[in-house]
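Engineer: Sequence:
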Amino acid sequence: MWLREELARIREDLAAAEPRGPRDTRGARQLRAHCLAFCSALSRHHTDEDDGTFPALAARHPGLRPVLELLRQDHEVVSGILRSVEDLLANADAAGLPGVLRELDGLSALLESHFTYEEKRIVTALNAPAAPDRDDGRLTWSRSRAAATAASGRPPRAVPRSPS
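Quick note: the sequence shown uses UniProt numbering, first residue 1, plus one each step.
Honestly, I wouldn't trust all of these hints.
What the hints assert, rightly or not - Distance ranges between label pairs, derived from CB positions:
#, residue 1, residue 2, range
1, T124, S43, 20 to 28 Å
2, R9, G63, 33 to 41 Å
3, S40, D105, 13 to 21 Å
4, T124, P98, 39 to 47 Å
Honestly, the hints are just simulated from the structure, not real lab data.
We put the CB at the ideal spot given by N, CA and C, even for glycine.
All chains, full assembly: derive it from the sequences and hints.
Structural biologist: See the structure below:
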């Protein structure tokens, strides 16, 4: 998962960062921008899950609701850590980066556990095909095609009907 790889890269960069003096702000600014971009991407990922993926999964697989609630709770803890990282970065120069690294070390441990749990508990449900509608699929396909055609602005094409 790219989030794991990106967090590992940021942690490596922070661990390798050595201040060259109190005025060494270029490297700190680059690391700050990288960390903030990661924090934003992770926040969006969790917001998308909380607002879209998890409600859809809960509707299709009601037995997963307790699992999804635990994952949402993890998201809240992660959000708190991300706020701490952002606060530290707002005031950090190169000498303040070790505090950011400590927060990211904790975040990394939490996310590793979170992602492993998520993969074990919900990936099968995520990859399962949606339950078919009550019709034989032709009506659903027809509605989907009509919606896609309307969105494209193109006139509908005639589709040959198969004999029933």
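Engineer: Confirm or reject each hint.
Structural biologist: Status of each hint after checking the structure:
For the pair T124 and S43, the supplied restraint of 20 to 28 Å holds, since their beta-carbon distance comes to about 26 Å. R9 and G63 have their C-beta atoms about 37 Å apart, which keeps the hinted 33 to 41 Å range intact. Here the CB-CB span from S40 to D105 is close to 20 Å, well matched to the stated 13 to 21 Å. One distance hint, 39 to 47 Å for the beta-carbon pair T124 and P98, holds here, with the actual separation near 40 Å.
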